[in-house]
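Residue numbers (the numbering used here), protein chains in the order written: chain R, 1 to 281; chain C, 1 to 281; chain X, 1 to 353; chain H, 1 to 353.
If you are wondering where the hints come from, they were derived from the structure by calculation, not from laboratory data.
Where is the CB? At the ideal position from N, CA and C, for every residue including glycine.
Hints are supplied without guarantee of correctness; some may be wrong.
Stated by the list, open to error - A short list of chain C residues far from chain R (calculated; beta carbon distances all over 10 Å):
1) Ser33
2) Asp48
3) Leu126
4) Ile129
5) Leu165
6) Ser167
7) Leu221
To be verified - Distance windows between CB atoms, simulated:
8) C:Trp189 with H:Ser46: 53 to 59 Å
9) C:Arg105 with H:Gly325: 57 to 63 Å
10) X:Asp71 with C:Arg197: 36 to 42 Å
11) H:Gly223 with X:Thr234: 42 to 48 Å
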Amino acid sequence: MAGVNARAKSGAKTFRVVVIALASVYFLLPLVSLADFSVRFPLTGKVDANAWLALIAPDDSGRLDLLREGLFNSLVMAVMTVVLAIGILLPTMMLVRLRLPKLSRIVEFICLLPLTIPAVVLVVGLAPIYAVISTKILDANTIWLAFAYVILVLPFVYRSLDAGLRSIDLKTLSETTRSFGGSWWTVLWRVIVPNVRSAIVSACFITIAVVLGEFTFARMLARTNLQTSLFQINLSDGQVAAAVSLLCLGLTTLLLVALDLIVGLGERRRARTLAPVTVED
Amino acid sequence: MAGVNARAKSGAKTFRVVVIALASVYFLLPLVSLADFSVRFPLTGKVDANAWLALIAPDDSGRLDLLREGLFNSLVMAVMTVVLAIGILLPTMMLVRLRLPKLSRIVEFICLLPLTIPAVVLVVGLAPIYAVISTKILDANTIWLAFAYVILVLPFVYRSLDAGLRSIDLKTLSETTRSFGGSWWTVLWRVIVPNVRSAIVSACFITIAVVLGEFTFARMLARTNLQTSLFQINLSDGQVAAAVSLLCLGLTTLLLVALDLIVGLGERRRARTLAPVTVED
Amino acid sequence: MTQTSASAGRGVQLRNLTRVFGSVRALDDFSLDIAPGELVALLGPSGCGKTTALRALSGLEDVDSGSIVVDGEDVTAKPANRRDMAMVFQSYSLFPHMTVAGNIDFACELRKVAGDRRKIVAENLELVGLGTQADRYPHQLSGGQQQRVALARALAVRPKVLLLDEPLSALDAKVRVQLRDEIRRIQQEVGITTLFVTHDQEEALVVADRVGVMSSGKLMQIGAPADIYSRPVTGFVADFIGQTNKLPGRSAGSSASVLGQTVPLLPGSASGDVTVLIRPENITLRPAAGVAADRAGRVQITGFLGSHAKVRVEVPGGFVVAQLGVGESSGLAPGDEVEVILKDVPALAVATS
Amino acid sequence: MTQTSASAGRGVQLRNLTRVFGSVRALDDFSLDIAPGELVALLGPSGCGKTTALRALSGLEDVDSGSIVVDGEDVTAKPANRRDMAMVFQSYSLFPHMTVAGNIDFACELRKVAGDRRKIVAENLELVGLGTQADRYPHQLSGGQQQRVALARALAVRPKVLLLDEPLSALDAKVRVQLRDEIRRIQQEVGITTLFVTHDQEEALVVADRVGVMSSGKLMQIGAPADIYSRPVTGFVADFIGQTNKLPGRSAGSSASVLGQTVPLLPGSASGDVTVLIRPENITLRPAAGVAADRAGRVQITGFLGSHAKVRVEVPGGFVVAQLGVGESSGLAPGDEVEVILKDVPALAVATS
């Protein structure tokens with residue numbers, strides 16, 4: 001009778017192969033083409049690594065300065081965006097869930113809206129505001145772009161925190177803390193934050209990934225961040241651009257794998273927590 | 001003692017106002033600026049509606065043809081993208097949930113990956129493939145861009161279907177159907193699809209919204225869709241561009257509100273289904 | 001156990017509480033007194049307002065009108081974190097990121113409990129029989145153990161009132177029975193004033209000094225378990241607590257004729273054509289053929305329940321369920337003819353609807 | 001009911017089934033015969049393999065070895081949709097987008113049931129007492145009603161075997177009791193071979209012709225409810241079915257001395273120093289001061305349960321729980337001295353661990 005089971009297992013294996021094949025076609029093929037393009041000399045088809053070498057050993061120190069400025073700006077903005085986005089969203093989501101559940105659909109809608117607005121439209125809308133910010137309120141420093149990036153990452157941060165808050169019994173935990181005499185501050189810092197830590201970490205990662213990869217806003221508002229500086233350096237050389245793109249993609253993927261592992265760990269721990277109650281006591 | 005309750009209510013009201021204010025600052029201000037820019041003559045500050053009138057009554061019939069072509073292409077691609085994305089994803093997700101739950105994290109990861117890859121990077125990767133498609137496999141017709149759009153909408157379709165499948169007891173429903181003699185085909189078409197209809201509708205809406213709003217791919221691969229044709233028409237006139245952007249944003253928002261209403265209805269119906277069992281029988 | 005005894009014995013008065021959610025009156029002029037050290041169980045179907053009453057007392061829910069007095073002090077306007085109570089919830093409410101000992105210690109820290117906290121933690125874990133589990137995390141415990149820890153945590157802060165919100169509902173039947181006995185034992189040992197909310201009538205009867213039955217935000221009846229069970233004042237209470245047979249009868253003042261027999265009636269019974277509510281254990285069956293038609297029945301189903309058996313008997317115009325000892329029921333099989341005999345125990349008669 | 005009777009009475013043989021998940025043997029050489037028309041309940045703690053056994057019979061779960069024979073035909077290799085069985089699940093498995101009638105009709109369509117489907121739908125809804133609800137949607141019904149519809153749907157396709165996978169677990173206590181009686185009535189009326197899986201011992205005892213107790217993928221004991229309850233063959237079975245007191249004693253062949261009294265032992269009991277398992281209803285209490293020390297006790301807690309009461313009594317070296325009638329228990333209060341009397345009912349003695 002072993003065959004009964006073996007048959008099901010071989011079906012599962014076939015399906016697994018199909019899924020992996022599908023993933024390959026959709027994601028690996030473009031990457032392979034990109035890699036190929038970055039090392040193949042366009043006209044002759046000769047293969048060399050010049051584009052990659054140019055990245056490691058740039059021949060012009062002025063270029064490096066620009067890159068350094070872009071990287072610094074991007075990192076500062078990443079930190080600002082993380083602090084602003086999570087600082088605004090976590091308390092808001094907590095209060096909405098606990099006190100104003102009717103508003104939760106509105107908050108979700110607002111937070112997810114930026115996903116569906118083309119970046120170009122957002123930039124056009126933000127341009128006049130940044131004109132005012134640059135001249136009247138703050139200055140033309142690139143880092144104020146972080147305010148725009150908060151809008152850009154809102155959907156991702158929302159979804160991450162949403163998943164985290166869903167995985168705990170927010171209401172019972174906060175009511176328990178309250179009933180033992182804890183203030184709202186205690187609820188937030190000593191009970192909720194430690195229990196959605198993996199969601200917060202994953203929100204941070206995705207925010208950092210988005211901010212480090214952002215190009216459209218900075219370019220259209222004429223600011224210098226990592227991507228625009230790379231772009232400027234390599235405007236003249238498509239192959240170097242391809243190499244840089246691959247590098248960025250690689251870094252982003254690394255970040256995401258790290259995120260996935262962290263969230264996976266958190267979920268596994270939680271799964272044990274929610275394991276069914278057995279009879280033995 | 002009415003005050004006890006009234007105090008809590010006024011707190012809730014204050015918070016509601018804060019949320020709405022926050023939403024306004026983040027979303028309405030850019031829009032208002034955009035609207036202002038579209039009607040105010042840049043140098044003199046005089047207000048006129050010329051940019052908007054240009055949209056309604058274009059003075060050049062060649063322009064209209066281009067717009068018509070772009071709109072047609074975008075609509076065809078929207079339909080293709082919907083069919084491809086849902087046709088691939090729904091059966092895959094069903095089978096993963098029922099038979100290969102271990103793969104579900106991988107599938108989720110693959111489906112969400114496009115969210116975090118900047119569109120520019122995707123395009124650079126896809127460009128060589130489209131070069132091959134245009135010359136060797138199919139032709140240079142714009143509509144083959146739909147294959148790329150499937151990647152673009154994958155995360156949204158995934159999330160929509162994921163929410164839909166989560167809201168039903170997929171395992172029990174399919175096992176029930178199987179135990180009464182139904183084939184897998186019956187399970188899919190007669191049991192699952194009717195019960196995740198609102199999720200499918202919402203996946204369609206978001207796909208359509210994304211495809212109709214897509215600009216970067218089409219522009220960088222030099223194809224004509226709705227957005228690129230609009231762009232080309234109005235390249236010369238920033239005010240008209242602002243007006244078009246507002247129009248697109250308005251249409252997208254309408255679509256999203258419709259989506260929200262449909263999903264909301266579905267959830268409300270489901271909420272009744274899952275209402276707690278009471279003692280009266 | 002000296003440290004916990006210190007907190008015992010505060011009286012609670014809920015006075016004319018009203019709470020309206022939309023069109024639902026969750027509490028409708030609800031009043032309840034709990035004596036110092038007493039355990040009162042509130043019982044009722046879902047939506048009857050029992051949980052709202054408990055949450056109003058805890059401060060987690062506001063009331064529209066009425067007052068709440070604990071230990072002589074009006075706490076109606078105090079927020080939840082300053083009411084000095086402790087609650088055990090239906091869902092496991094332990095902090096997942098803290099150990100068992102950490103949970104109790106954290107609660108003591110919040111409530112600023114004086115004394116050696118390590119000793120308090122150890123004593124209270126001992127009290128619920130989990131002395132050896134101090135360093136485990138909640139997810140390493142079974143559901144029953146988690147609720148024990150929640151109980152220990154609630155007792156450790158020496159609250160004026162202990163609030164139990166369906167603490168056993170999420171547990172397996174066997175564990176539920178064990179833990180409810182434990183709760184009763186600990187509550188009597190510590191002597192703490194306790195409000196226990198449940199929808200399980202057996203739980204309420206076993207655990208409480210007094211049981212209050214609620215419906216639509218009102219208290220229908222409150223009294224000692226045996227009183228509530230054997231002398232219900234309304235059909236709703238009789239029906240909700242325990243099983244009843246509803247038999248048509250004719251009331252003549254203090255007694256009624258039912259199935260050709262005379263049954264004494266409880267005070268407050270209706271008169272005229274009535275429905276008489278008779279408990280299964282107040283019916284006996286005697287195997288007999290050819291008895292008077294109005295007391296003859298035919299066995300439909302017998303159900304063995306371990307220590308006793310229930311037998312469903314077809315009688316003219318319906319059926320009755322009788323509860324018998326195992327010995328009495330062993331000879332009966334479906335189809336047997338029996339004589340249905342009503343014991344001489346007072347029953348409630350309600351107007352036939 | 002002619003249409004449903006047609007499907008009654010197919011025998012089932014499960015032979016040496018084994019199913020391994022990772023390191024867990026969910027079924028370990030498991031064999032079970034179900035006679036035509038019989039209702040067998042499989043009972044056990046979670047993870048004992050009872051649900052795996054049912055799913056193996058339904059075809060929704062594969063087995064690693066062993067064979068499944070239904071009505072003389074080996075169906076081991078048949079997929080679930082061709083096994084001609086019908087199942088009622090724990091979670092409400094009605095198709096949410098179809099009415100009650102639509103659900104039943106759809107099942108009949110899939111199973112290609114011959115005859116007037118409108119009539120079949122109506123008859124089966126009538127059978128479960130929901131004749132008037134045909135046009136409602138599942139979400140408009142209570143949990144109990146949904147499970148009734150699921151039952152009607154399962155019966156409508158006239159399966160060879162009816163499979164019930166904890167059909168009552170998600171329901172409220174009151175509804176659970178009602179519906180289990182209903183299931184028993186309908187199963188006897190239709191006469192269909194049925195396998196019922198549950199973790200609730202009372203449910204199994206009431207509903208089944210025979211009860212099988214499982215542990216770790218093995219069948220520990222199978223027999224009529226009264227047999228299983230009063231003549232368990234292992235301590236596990238005695239403990240899992242009903243409550244037991246575990247009292248130290250000394251066995252002398254066919255009887256043992258416990259609490260200074262002699263208790264007859266069941267066959268298969270251990271000898272020497274043993275633990276004797278005695279049911280609460282086989283212990284009585286008599287208020288008395290100054291009795292022999294080895295049978296004297298002190299009341300700790302009394303718990304009123306409506307039709308009976310449970311009393312926990314401290315005895316030398318532990319405590320016993322006695323189940324008394326309401327009359328017998330009413331005079332007892334915590335602290336009273338009593339004489340603990342063991343009834344002359346055979347008990348199981350197991351080796352003291």
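Verification of the supplied hints:
1. Ser33: For Ser33 of chain C, whose nearest Cβ neighbour in chain R is about 4 Å away, the distance does not exceed 10 Å, so it is violated.
2. Asp48: 18 Å, holds
3. Leu126: 5 Å, violated
4. Ile129: At about 6 Å from chain R, Ile129 of chain C fails to clear the 10 Å cut-off, so the statement is violated.
5. Leu165: 16 Å, holds
6. Ser167: 14 Å, holds
7. Leu221: 12 Å, holds
8. C:Trp189 with H:Ser46: 53 to 59 Å: 35 Å, violated
9. C:Arg105 with H:Gly325: 57 to 63 Å: 59 Å, holds
10. X:Asp71 with C:Arg197: 36 to 42 Å: Because 57 Å falls outside the window, the suggested range is violated.
11. H:Gly223 with X:Thr234: 42 to 48 Å: Cβ of Gly223 of chain H to Cβ of Thr234 of chain X: about 44 Å, so the range 42 to 48 Å holds.
When held up to the earlier numbered hints, the structure conflicts with 1, 3, 4, 8 and 10 and fits the remainder.
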